[in-house]
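Engineer: Whenever a hint applies, use it, and build me the whole structure from the sequences.
Given next are the chains, with one letter for each unit.
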Amino acid sequence: DSGVTQTPKHLITATGQRVTLRCSPRSGDLSVYWYQQSLDQGLQFLIQYYNGEERAKGNILERFSAQQFPDLHSELNLSSLELGDSALYFCASSKGVDSVEQFFGPGTRLTVL
Amino acid sequence: AQKVTQAQTEISVVEKEDVTLDCVYETRDTTYYLFWYKQPPSGELVFLIRRNSFDEQNEISGRYSWNFQKSTSSFNFTITASQVVDSAVYFCALSERGSSNTGKLIFGQGTTLQVKP
Numbered sequence: 001d002s003g004v005t006q007t008p009k010h011l012i013t014a015t016g017q018r019v020t021l022r023c024s025p026r027s028g029d030l031s032v033y034w035y036q037q038s039l040d041q042g043l044q045f046l047i048q049y050y051n052g053e054e055r056a057k058g059n060i061l062e063r064f065s066a067q068q069f070p071d072l073h074s075e076l077n078l079s080s081l082e083l084g085d086s087a088l089y090f091c092a093s094s095k096g097v098d099s100v101e102q103f104f105g106p107g108t109r110l111t112v113l
Numbered sequence: 001a002q003k004v005t006q007a008q009t010e011i012s013v014v015e016k017e018d019v020t021l022d023c024v025y026e027t028r029d030t031t032y033y034l035f036w037y038k039q040p041p042s043g044e045l046v047f048l049i050r051r052n053s054f055d056e057q058n059e060i061s062g063r064y065s066w067n068f069q070k071s072t073s074s075f076n077f078t079i080t081a082s083q084v085v086d087s088a089v090y091f092c093a094l095s096e097r098g099s100s101n102t103g104k105l106i107f108g109q110g111t112t113l114q115v116k117p
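For the record, the sequence lines run as chains A and B.
Okay, so the first sequence: first residue is 1 according to our numbering, each after it adds one.
Okay, so the second sequence: first residue is 1 according to our numbering, each after it adds one.
Keep in mind that the hints were calculated from the coordinates and are not lab data.
Please note: incorrect hints may appear among the correct ones.
Claimed, not checked - Which chain A residues face chain B? A few, computed with CB under 10 Å, are given here:
{"id": "1", "residue": "Y35"}
{"id": "2", "residue": "Q48"}
{"id": "3", "residue": "G52"}
{"id": "4", "residue": "E62"}
{"id": "5", "residue": "F64"}
{"id": "6", "residue": "L88"}
{"id": "7", "residue": "F90"}
{"id": "8", "residue": "V97"}
Claimed, not checked - Subject to a maximum C-alpha distance of 20 Å in a straight line, what follows is the list of computed SDA-like cross-link-like pairs (lysine to any residue):
{"id": "9", "chain 1": "B", "residue 1": "K3", "chain 2": "A", "residue 2": "D40"}
{"id": "10", "chain 1": "A", "residue 1": "K57", "chain 2": "B", "residue 2": "D29"}
{"id": "11", "chain 1": "B", "residue 1": "K3", "chain 2": "A", "residue 2": "G3"}
{"id": "12", "chain 1": "B", "residue 1": "K3", "chain 2": "A", "residue 2": "K95"}
{"id": "13", "chain 1": "B", "residue 1": "K116", "chain 2": "B", "residue 2": "N67"}
{"id": "14", "chain 1": "B", "residue 1": "K3", "chain 2": "A", "residue 2": "Q44"}
{"id": "15", "chain 1": "B", "residue 1": "K38", "chain 2": "A", "residue 2": "G42"}
{"id": "16", "chain 1": "A", "residue 1": "K95", "chain 2": "B", "residue 2": "R97"}
{"id": "17", "chain 1": "A", "residue 1": "K57", "chain 2": "B", "residue 2": "F107"}
{"id": "18", "chain 1": "B", "residue 1": "K38", "chain 2": "A", "residue 2": "Q41"}
{"id": "19", "chain 1": "B", "residue 1": "K38", "chain 2": "A", "residue 2": "K57"}
{"id": "20", "chain 1": "B", "residue 1": "K38", "chain 2": "A", "residue 2": "L88"}
Unchecked claim - Take a look, some chain A residues computed to stay more than 12 Å from chain B by CB distance:
{"id": "21", "residue": "S2"}
{"id": "22", "residue": "P8"}
{"id": "23", "residue": "T15"}
{"id": "24", "residue": "Q44"}
{"id": "25", "residue": "L61"}
{"id": "26", "residue": "S99"}
{"id": "27", "residue": "Q102"}
A virtual CB, placed ideally from N, CA and C, is assigned to each residue, including glycine.
Structural biologist: Structure follows, in structure tokens:
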């Protein structure tokens, strides 16, 4: 158990809908990373937050947004969902802004029908 | 540009065979870290190893060993005497340290290893 929790574990929704994925980092970790694992794109970095501020951005679609709250949990919002958004979404946390050690959550599997 | 290439998409071996998973990386930074992760059928990502760019010593952990060669920008992973439980997707990843103040990981495409009994 990495100490990183993600909810829900599974999510099934329809095209055009909006969903929110939630991540709670390990106690004491200030950085949260979001990654997407899809059949088309593989495992790719989406976005990083550090202590409430956006720190780095990867190949994140404009339909997707994220935020980190004062209690350090993070949410990834996906809107106007398309079939291609079906993927496994991982959250990872680390202590610092560029800490080498990242701890991954179990992932949220999103299925868009 | 940063990039990680795992040219082997799928590998199939018979139990007890040795198998090497290849990883080639590209980076302009002189300071970086390389990682290997295992993703079993259950889906979680399991951390296996981390090396920094200044440490080219090979590492052995049980049946696992890693060969890091900066001259060829490679960080290969060998499983000796493979077992069925080694069946998984294996990812190589890169984290640059010099040019960006972030710990984001750049992953390769992954290699699916199937070990048959």
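Engineer: Now, for every hint given, state plainly whether the structure supports it.
Structural biologist: Quick rundown of the hints versus the structure:
At about 8 Å, the closest approach between the beta carbon of A:Y35 and any beta carbon in chain B falls short of 10 Å, and the interface hint on this residue holds. Hint status for A:Q48 relative to chain B: holds, with the closest Cβ pair at about 6 Å, below 10 Å. Interface restraint check: A:G52 against chain B, minimum CB-CB distance 15 Å, threshold 10 Å, status violated. This hint is violated: A:E62 has a C-beta 19 Å from the nearest C-beta of chain B, more than the 10 Å allowed.
Of the supplied interface hints, the one on A:F64 is violated, with its beta-carbon coming no nearer than about 16 Å to a beta-carbon of chain B, more than 10 Å. Because the closest C-beta pair between A:L88 and chain B is about 6 Å apart, less than 10 Å, the hint holds. At its closest, the beta carbon of A:F90 sits 7 Å from a beta carbon of chain B; the interface hint therefore holds under the 10 Å criterion. At a threshold of 10 Å, the smallest CB-CB gap from A:V97 to chain B is about 6 Å, leaving the interface hint in force.
At roughly 17 Å between alpha-carbon atoms, B:K3 and A:D40 fall within 20 Å of each other, so this suggested pair holds. Using a Cα cut-off of 20 Å, the hinted pair A:K57 and B:D29 holds, with the two alpha carbons roughly 19 Å apart. The straight-line distance between the Cα atoms of B:K3 and A:G3 is roughly 29 Å, outside the 20 Å bound, and the hint therefore fails. As the CA atoms of B:K3 and A:K95 are separated by approximately 25 Å, the hinted pair breaks the 20 Å bound.
Among the hinted pairs, B:K116 with B:N67 is inconsistent with the structure: their alpha-carbon atoms are about 25 Å apart, more than 20 Å. At most 20 Å may separate the alpha-carbon atoms for a hinted pair to count; B:K3 and A:Q44 meet this at roughly 11 Å. The suggested pairing of B:K38 with A:G42 holds, with an alpha-carbon distance near 14 Å, which does not exceed 20 Å. At roughly 16 Å between alpha-carbon atoms, A:K95 and B:R97 fall within 20 Å of each other, so this suggested pair holds.
Simply put, A:K57 and B:F107 have alpha-carbon atoms about 15 Å apart, close enough for the 20 Å limit, and the pair holds. Among the hinted pairs, B:K38 with A:Q41 is consistent with the structure: their alpha-carbon atoms are about 18 Å apart, no more than 20 Å. Distance check on the hinted pair: B:K38 and A:K57 sit about 25 Å apart at the alpha-carbon level, beyond 20 Å; violated. At most 20 Å may separate the alpha-carbon atoms for a hinted pair to count; B:K38 and A:L88 meet this at roughly 15 Å.
For A:S2, the shortest C-beta to C-beta distance to chain B comes to about 8 Å, within the 12 Å cut-off, and the non-interface label is violated. Non-interface status of A:P8 relative to chain B is upheld: no Cβ of that chain comes within 12 Å, the nearest being about 14 Å off. With a closest Cβ-Cβ approach of about 24 Å to chain B, A:T15 is found to remain outside the 12 Å limit, as its non-interface label requires. Listed as outside the interface, A:Q44 is inconsistent with that label: its C-beta sits roughly 7 Å from the nearest C-beta of chain B, within the 12 Å cut-off.
With a least CB separation of 17 Å from chain B, A:L61 remains clear of the 12 Å interface cut-off, as annotated. For A:S99, the shortest C-beta to C-beta distance to chain B comes to about 5 Å, within the 12 Å cut-off, and the non-interface label is violated. Not every C-beta of chain B lies more than 12 Å from that of A:Q102, the closest at about 6 Å, which undercuts listing it as non-interface.
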